[in-house]
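Following the hints, put chain B in place on chain A, whose structure we already have.
Chains as they are written, first to last, in our numbering: chain A, 6 to 667; chain B, 22 to 296.
It is worth saying that the hints were derived from the structure and are not from the lab. Warning: the hint list may mix true and false statements.
[As the list claims (entries may be wrong)] In silico BS3-like cross-links for lysine-lysine, where the CA-CA straight-line distance does not exceed 30 Å:
(1) A:293 <-> B:221
(2) B:50 <-> A:286
(3) A:286 <-> B:261
(4) A:468 <-> A:495
[As the list claims (entries may be wrong)] Cβ-to-Cβ under 7 Å is the rule here; a few derived chain B residues that face chain A:
(5) 195
(6) 197
(7) 206
(8) 226
Beta carbons are placed, not taken as given, at the ideal position from N, Cα and C, and that holds for glycine.
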Amino acid sequence: MATNDTNLADRSGSLVESHKSYQPRVIFFYFVVFGLLAILAGGLAYQQLFNTERHRENERMQNQRRILVPGPRGNIYDRYGRMLVGNRPRFAVVLYLDELRSEFINEARVIRRNYAEAGDKDLPTRDQFNQIARVSVVQRYLDQVNQILHRSVKVDGTDLRKHFARQLLLPYTLIDDLEPAEYAKLVEGLPVRSPLQVYASSTRYYPYGSSLAHTLGYVGVETEITAEDFPGEDLKTFKMKGTIGRDGLEKVFDTRLQGEAGGSIFRVSPAGYKINPPLEKRLPVQGKNLTTSIDIDLQRTAEDAIEKIAGDDMIGSAVALDVKTGEVLVMASKPDYDLTRFTPRPSHDTIADIEARKAWANRAISSAYPPGSTFKILTSIAAMRCGAIQPDEPIVDCEGRLHKFNRDFVCYNGKGHHGEVLLPDAIADSCDIFFYEAGWRTSANRTPEVLAAEARRFHLDRKTGIELPHETGRMLIPDAAYKEKVRGEKWYPGDTANMAIGQGDVLVTPLEMACFVASVARNETYTRPTLLHRDDAPVQHTELIGLTPKQREALLAGMEGCVTHGTAAKTLALPEFQIPGIRFGGKTGTAQIPGSKNVAWFITFAPIDNPQIAVAVAIEGDTPNEEYGGGRYAAPIAALILKRYFEKRDHPPAFVAPAQSE
Amino acid sequence: MPKRFDQARPFLTLALVVLGWLLVPVAVKLFTRASFFELQAPLTVAASYARDLQDYWTLRLHSNSELIEAGRDLARLNASYEEAVQQNLSLQAEIARLEELLKLPAYAHYRSEHARVVRRDFSGWWQQLVIRKGRNFGIPVGAPVIFAGGVVGRVSEVYAYTAVVELISDPSVRLAAVVEGENQPISFQGGVNTSFDAPKGVIEFVPLNVYASPTMPKRLVTSGLGGVFPPGLNLGTIIKVEPSLDGLYKSGEVQLDPRLSALTEVTVLVPLNEQ
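The following block holds chain A by itself, in its conformation from the complex (with noise of 0.2 Å):
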């Protein structure tokens, strides 16, 4: 045996290590190893001491989310504080998906039990399982939900696919815009500590629907949120949709309408679910409110007198300012559209709706039209001026028609002639010829300059600047210089005569005759329109038109007589458009847009002697080539805008102060 075991250690000799108890190569390698363990501690330790801000930063970077929350709009008021656009509140039943997650591992055992149990070869894949779950899960608490509010609601798969993938932190909405019954119900109904709550957001309200429609504008979803001094812009964020303004008011001034976002700051597990409570939290803060310069109550007025006037879904306008400070009372638009329908956004039928009814323009900024006869205004101002006509001056004897120049040129108001008429009848009776002649005295060259220039003088040549967006550019005051350069053609005495009486190219929006109408009431020459409203405007001074007592006398004359026994008279001495112990100026127009429709005018103010308020109308006919008058469509709405202002004037609303100060 113990050969055996020798020749055994013998064989093995080539085989079996043997150690000396000192061996110096190995040392060799202890140094090594030292060396390499070295050189691993003390690159722990600069990592660990010197790198700390950087793995401290990387940590927080993986481990932290910031979720942002858009602060509620600011609220828009009437002159009077009454709310024309707030905040209402919007409940949506929710799920908190951070509070299932160990709800969801077991669901996903569950089911991957089952497919094997099953003996299913065609198995899902791990992320396929857990989306399984997923649904499985949420379902069951949609089902609560269903239960107590009786509807059958089911998950949709790629929505919450999606929301795991980019907004886990946030909650996830199983139905949104839930009634106030449905609401009290959930409330009551499910308990207190659930993953299932309801939520509370803010949407916009527009307590008068459709009025003011265009001028309050509306807004659309915006998710790119910003708050600021709010710590964590480097951190991975989930942002709530927010809101920002379209279109009128709620576009021009979003900026001071949007609240404050808040956020919070959570840590989140290595799964991505949010850890409670967050370490930064900031509450969002409503905007700033907006006072406009409208009176809701004369707006309605306006709004319901077209559509009574001139028949629904008729194309016009109607704009009143305060004369004296340029605030705009009114602006009145139509075709408009229901803002409600606007929350949480517009249909697909909305839409639709809007564009066959040609509805989304605002009529008062958007659209210029010849002015037709109310143009006289300016022209009888620009003869007066230049002296080219006098106040007590027969300067024609109309007979209907005029042969001049070479050619015929047609009186188109009155039946028959109006005879030699001075300028306060001329203007009440808007007789064309006097004006045809007028308007060629002014230009003795038998160009445009004088009238040009005096339309110069009153901005009718150019945007307003009112607070709004989309206002036309495309008003123009024309003159032989621009004729040439567009069409290519002289000037003709006949393009005078057009210019004369609002015909031609000559276009100017309702807005721009407001302000016209309202500096000729102040006896000046600009009106600059505003839409918001101070306590303490102040009153406009401008360039003085530059008018005789006497020339002031008879302008103001053939404006009141317009009305008492002019182109106004008949349709406004029916009952309901009297306004009791109040004398006012106005003048009609109808322009005729070549191979198209008519646009019935009317501009005005009131009181004559006192001038408080002025008004343009401008309606478009349905019909092309239709008689359609400013004096049967169009005064009867300024003096419903004018009867209204005057009641209220006598029983003021009293003022409701906005809930929060601007």
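Only chain B this time, still in chain A's reference frame:
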């Protein structure tokens, strides 16, 4: 070693019991809990009967004159209540007629089940009552409970002869309420109430146009929209509302009826369609 083991034995036993309890199936635990309560209930009920007997003997100590006087007072009260009952009947008939006339939806109908309070259990965590009626009187879980001052709470657990009522001062009770005269539902929830404090609750999602203060309080009543409580029942008095920072709503504080902590009789409204 044995001595040390002896010293550790109680802790080991406790640990074994706890471990054993943890391993027991949930169904067994629930059964045990229910059984415990059912076993305990007769004691509680017996104690309440003993209290009634005590009250009886206390009354026996009164003189005949006092009892006669009390009897007269009671008779007068009964007479006035009889009159009130008659008025209520005629008003109910009038309401039914108006509802029919206006085609208003009829509210859920209830059967009143009066029950004696046998135990009050108030703490910072819960606020409960145990009443002396349970399944034997057809009381269902979730039934609203009221008293002369308005809402008491709702039934949370029902046993054979007793039922547990969560008071509206309990933080786990939430219901839809309205400010008297308004129609927008708001959320009412019991507040954090300690044992001897005046009970209070909190309200959320209050419209911005609602104002209330201790000097100008507003009454809070049930909305009837939630489907559990009939409308118009008194919940308490709003004594404070403050706007939330986001400017959307207000939240506030509601003072509840102090008698909630001293109730001896309540009425359970058993929905008729539950039966």
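Which earlier hints turn out false for this structure, listed by number in ascending order?
-> 1, 2
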